[in-house]
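Novice: Each chain, written out:
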Amino acid sequence: MPGSLPLALRGQPAARRPAAGVWRSRLGALLTPVAIWVPLLIAAGHVVLFTVWTTWISFTASKLVPDNALVGVRNYRVVMRTANFQIAYTNLVIYGLGFVALATVVGLLLAILLDQRVRGENVLRAIFLYPLAVSFVVTGTVWSWLLNPGLGIQKLVNDLGWTSFRFDWVVQQDMAIYTLIIAATWQAAGFAMALFLAGLRSVDGDLIKAAQIDGAGPWRTYRRVVLPTLWPIFITVLVILLQFAIKTFDLVRALTGGGPGISTTLPALVVYDFMFQRGELGRGSAAAVLMLLSLVVVLAPYGIFVRWQRRRRQA
Amino acid sequence: MKGTRIIVYAALIILALLFLVPLGVVVLNSLRSNQEIAATSMIGWPHRFAFGNYAEAWNRFCMAEHCWGIEPYMVNSLTMAIPATIVSTLLGALAGYSIALWRFRGDQIVFGLVTLGIFLPEQMKLIPWVIVLRDLSLINTISGLILIHIVQGMSFTTLFCRNYYVSIPQDLLKAARVDGAGFFRVFWRIVLPLSPPILVVTVIWQFTGIWNEFLYGVTFNSGEHQPVTAALIALSAAITSEPLYGVQSAAVLIAALPTLLVYLFGGRYFLRGLTAGAVK
Amino acid sequence: MLNTTRRRLLAGSAAALAMPAVARAQGAAKPRISAISQWSAGSDGAAISALGKVFEENGGTWQHNPVPGFTTEMMNKLRAQILAGDPPAISQLKGPEIAAWSKIAPTVDLDPLVKAAGFADKVPADLAKSCQPGGHWIALPLQVYRVNTLFMSAKGMQRAGIAKAPATWAEFNDAAAKMKAAGMIPVANGGIRWDDGMKFEIALAGISPDAYRRAIMQLDEAALKGKEVLAAFEQLRRISNWMDPKIAAQHWSVNLPAFLKGDMGMLLMGGWAQGSFLHAGATTADFSSGSGPQDSGAPCFDLNADCFIFWQTKAPDLQAGQKLFADLVMRPATQEMYSKITGSIPARTDVDLTGPGFSEGQRNSAQNLREAIPQNRVLLSLAHNMAQSNGVTAAMIDVLTEYVHNADISAADGQKRLAAAVENAL
Numbered sequence: 000m001p002g003s004l005p006l007a008l009r010g011q012p013a014a015r016r017p018a019a020g021v022w023r024s025r026l027g028a029l030l031t032p033v034a035i036w037v038p039l040l041i042a043a044g045h046v047v048l049f050t051v052w053t054t055w056i057s058f059t060a061s062k063l064v065p066d067n068a069l070v071g072v073r074n075y076r077v078v079m080r081t082a083n084f085q086i087a088y089t090n091l092v093i094y095g096l097g098f099v100a101l102a103t104v105v106g107l108l109l110a111i112l113l114d115q116r117v118r119g120e121n122v123l124r125a126i127f128l129y130p131l132a133v134s135f136v137v138t139g140t141v142w143s144w145l146l147n148p149g150l151g152i153q154k155l156v157n158d159l160g161w162t163s164f165r166f167d168w169v170v171q172q173d174m175a176i177y178t179l180i181i182a183a184t185w186q187a188a189g190f191a192m193a194l195f196l197a198g199l200r201s202v203d204g205d206l207i208k209a210a211q212i213d214g215a216g217p218w219r220t221y222r223r224v225v226l227p228t229l230w231p232i233f234i235t236v237l238v239i240l241l242q243f244a245i246k247t248f249d250l251v252r253a254l255t256g257g258g259p260g261i262s263t264t265l266p267a268l269v270v271y272d273f274m275f276q277r278g279e280l281g282r283g284s285a286a287a288v289l290m291l292l293s294l295v296v297v298l299a300p301y302g303i304f305v306r307w308q309r310r311r312r313q314a
Numbered sequence: 000m001k002g003t004r005i006i007v008y009a010a011l012i013i014l015a016l017l018f019l020v021p022l023g024v025v026v027l028n029s030l031r032s033n034q035e036i037a038a039t040s041m042i043g044w045p046h047r048f049a050f051g052n053y054a055e056a057w058n059r060f061c062m063a064e065h066c067w068g069i070e071p072y073m074v075n076s077l078t079m080a081i082p083a084t085i086v087s088t089l090l091g092a093l094a095g096y097s098i099a100l101w102r103f104r105g106d107q108i109v110f111g112l113v114t115l116g117i118f119l120p121e122q123m124k125l126i127p128w129v130i131v132l133r134d135l136s137l138i139n140t141i142s143g144l145i146l147i148h149i150v151q152g153m154s155f156t157t158l159f160c161r162n163y164y165v166s167i168p169q170d171l172l173k174a175a176r177v178d179g180a181g182f183f184r185v186f187w188r189i190v191l192p193l194s195p196p197i198l199v200v201t202v203i204w205q206f207t208g209i210w211n212e213f214l215y216g217v218t219f220n221s222g223e224h225q226p227v228t229a230a231l232i233a234l235s236a237a238i239t240s241e242p243l244y245g246v247q248s249a250a251v252l253i254a255a256l257p258t259l260l261v262y263l264f265g266g267r268y269f270l271r272g273l274t275a276g277a278v279k
Numbered sequence: 000m001l002n003t004t005r006r007r008l009l010a011g012s013a014a015a016l017a018m019p020a021v022a023r024a025q026g027a028a029k030p031r032i033s034a035i036s037q038w039s040a041g042s043d044g045a046a047i048s049a050l051g052k053v054f055e056e057n058g059g060t061w062q063h064n065p066v067p068g069f070t071t072e073m074m075n076k077l078r079a080q081i082l083a084g085d086p087p088a089i090s091q092l093k094g095p096e097i098a099a100w101s102k103i104a105p106t107v108d109l110d111p112l113v114k115a116a117g118f119a120d121k122v123p124a125d126l127a128k129s130c131q132p133g134g135h136w137i138a139l140p141l142q143v144y145r146v147n148t149l150f151m152s153a154k155g156m157q158r159a160g161i162a163k164a165p166a167t168w169a170e171f172n173d174a175a176a177k178m179k180a181a182g183m184i185p186v187a188n189g190g191i192r193w194d195d196g197m198k199f200e201i202a203l204a205g206i207s208p209d210a211y212r213r214a215i216m217q218l219d220e221a222a223l224k225g226k227e228v229l230a231a232f233e234q235l236r237r238i239s240n241w242m243d244p245k246i247a248a249q250h251w252s253v254n255l256p257a258f259l260k261g262d263m264g265m266l267l268m269g270g271w272a273q274g275s276f277l278h279a280g281a282t283t284a285d286f287s288s289g290s291g292p293q294d295s296g297a298p299c300f301d302l303n304a305d306c307f308i309f310w311q312t313k314a315p316d317l318q319a320g321q322k323l324f325a326d327l328v329m330r331p332a333t334q335e336m337y338s339k340i341t342g343s344i345p346a347r348t349d350v351d352l353t354g355p356g357f358s359e360g361q362r363n364s365a366q367n368l369r370e371a372i373p374q375n376r377v378l379l380s381l382a383h384n385m386a387q388s389n390g391v392t393a394a395m396i397d398v399l400t401e402y403v404h405n406a407d408i409s410a411a412d413g414q415k416r417l418a419a420a421v422e423n424a425l
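Chains as they are written, first to last, in numbering that gives the first Met the number 0: chain W, 0 to 314; chain D, 0 to 279; chain X, 0 to 425.
Looking at chain W on its own, in the form it has when it is part of the complex (with noise of 0.2 angstroms):
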């Protein structure tokens, strides 16, 4: 909720100046359709247009240009029996909770903390924020250097005299898709934080007071109070961590290039290996359209949510 509303139009009558008010008010009705549609149909007509497309090619036989012989789901077909999408997928699975649990839980975590009334919050803030500016090849290869059991971390602390620690998930088939998870979460936490400590600053003082009133401790108030406000915050939260752990890329490429093996490939990884480094568009639109329905079966759910939410406000 914006705070105070500048009702600046309220004292300006429109008919200060009748001739020139009616041929604004012409062009304003001329305009306005424009105004509406244009930047709408640009927003949305491109992505209906490119899925549209993609979803065309999928079924092509496309090389390394678009063709336009029809070859029916063979591309389907083709592309689910590799072992590179089935892992993806079951990469996807685990990557995208133990991404969006852990970014969530961090970010929760640190905004709780600082909204403590903790000194220098400003700067603690600016240190959590900071991994958002970086692009996700740096992420990845920072990450990269520092996971390597032989160049970074373990390294260093086996260098340092204990010489058993071992951390090295990056190289181990089954835990390097860890990895992925540690890097995304350090970049994207901070995000999380600052959505929460923004619903956790927009709590009603009044009800604060209430519940103090009331009697309620300190911890209570906030678990009783303050913790269910941030209910459609974690909403938002979690779209936006998905969305990120769905289109996750240069990250994997830089951090583990995909392996240990392929053991590490996610979907958008898969998209892009078809369409361009095998040139096979076809098979390559085909994993596009099968992310996207597979993005499609997990944001049904939220959207029925959503409606079922706005129609218990209206009753």
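Take the hints with a grain of salt, since some may be wrong.
Stated by the list, open to error - Output of the computed footprint for chain X on chain W, the stretches with three or more beta carbons under 8 angstroms from beta carbons of chain X:
no., stretch
1, 61-71
2, 74-88
3, 143-152
4, 159-173
5, 252-258
6, 268-279
No lab work stands behind these hints, which were simulated from the structure alone. The beta-carbon is built from N, C-alpha and C at its ideal position, and this holds for glycine as well.
Please build the complex by placing chains D and X on the supplied structure of chain W, with the hints as guidance.
Specialist: Chains D and X alone, transformed into the frame defined by chain W:
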């Protein structure tokens, strides 16, 4: 009470240090010579400060025969990111206003499609963009990249602004319209003056996203028209030669400076903007 | 820096404005070439810059656009330009991709130029074939690397008590065991996927060049399921067990210091590694290089090459530039200059490598190639996209890299997966 305070501070300081580790490593590496990094490890205190890495990164290292460092590419990135950020933010504000306050038939569907845009993978849009840019004769121009970032950026800016504007009371609009104010007047006199908090959020978001984008910059633009991310990639490994970690670290820091500054100085407003309602 | 380039550009465009009159008067355009390559850094960047200089010294205007990053990004750019109807005059391309890409945009028939230069029979036959997909020369090879090269660390050999570089896989395994016993990591390797594919191809090429040709280059099903490929998978497993377990996704050059110190013993890597050794401060006394292990005795040359494809253009100055460039690339002197910088060997087998500026490794490699040609033992590299189209290559490397990093996959299973991946990708 005092115990809790100590725990709070201890937790914050430990977490802050953890968050700073990657930055620290890059800063230290930017001051170490390549030989030193290769001979020891990626984490370490410089034996001798190699400030030359910065000069090398700024305007010396070569991408094939072009030995001018990342300096010209920084200029490209700025000429790309600034207009694209401003225009996409303004269009997003307009679109968000239309959807949130100027209700029309099908507005929810349009909004759904716009939101879907934030989930489309970049890889998928590469070829369609080639075709669009070709038809507009914008291949290999900064304008082409600006166009892409405006159009794609609108998904986010519209989402942010719409979510912010829905909390403006409808009564306020009704009153204004009774007084004869049209679409533009309401936008200009009521909506825009209320917008600075959310505009700060979208500007920061857009600027960072556009500045850090790599795929389109490399694919559509060549040589002197490429953004700085392309120059950064040139510094990382090729099959036949070893990566130059020291110079690479210095270049990464220089290239990240604009976005870091944006967060450093805009961070407070970012939070304020979110508090003001972007999260609803 | 930017200012000087702007000035240069301005001067250039002023010259261009002034040019047409002059050019018309002389009836010829000043040769100009626009090129795309991925060579932006290190010795590759230096070599292509030197080539540009040669081009300019011969009266041309050189416009090179390096696409940083990976081959994929370079191809994206090429595709974008082709779709936009504006392909570069020449672009870096190799192996079967030359044939694939030549189908989507018109190329230049270089036959007359190649004939005039007497170039055709100086180049290894398989390489020449990849440059003339429709029976005509449309691309020209610039340089060649031997992929099956074994580098030995001098200190490492000393430490493990090994007198000479292993010549067969049995000797290799023996040497590796000794190194392991001496507390070393026997194989210095990189962690990027092509590195894994390359180890497999070196293994198979060393076991049977003939099986390699049938299984990898011709995708013969019987050969893919044959005993040589199985043996290559078994050898690959041994190599994997001797690799540095800590490398993850790092570049192979990360292990150079350990290799030179003698903490690691052997490196299976193409000839380009030599440049990196010298760059890292090593001298030729610190390492030796030679052909990879070879069980069948005779020389075998697993070839990786870089070529330029020539795209059709209507601009007279670009056409003139293509002629000039083709002429220059085919000259022995240019190839010699280029190879000296990158550490490769010239695509022309008649270039004399005895002069200064070439190393023992390069000479050995060139000699190897000359001997392998008449015996039909030149193979095209899988991991470096010479043997198969990128689609098939990627599918095969997926299997190989997974196999290298997952010790639970048996050799027989790995072989089955490879055959299945090929079938699915075709």
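Novice: Work down the list of hints and note, for each, if the structure agrees.
Specialist: Hints, verified against the model:
{"no.": "1", "hint": "61-71", "verdict": "holds (count 3)"}
{"no.": "2", "hint": "74-88", "verdict": "holds (count 5)"}
{"no.": "3", "hint": "143-152", "verdict": "holds (count 6)"}
{"no.": "4", "hint": "159-173", "verdict": "holds (count 4)"}
{"no.": "5", "hint": "252-258", "verdict": "holds (count 5)"}
{"no.": "6", "hint": "268-279", "verdict": "holds (count 7)"}
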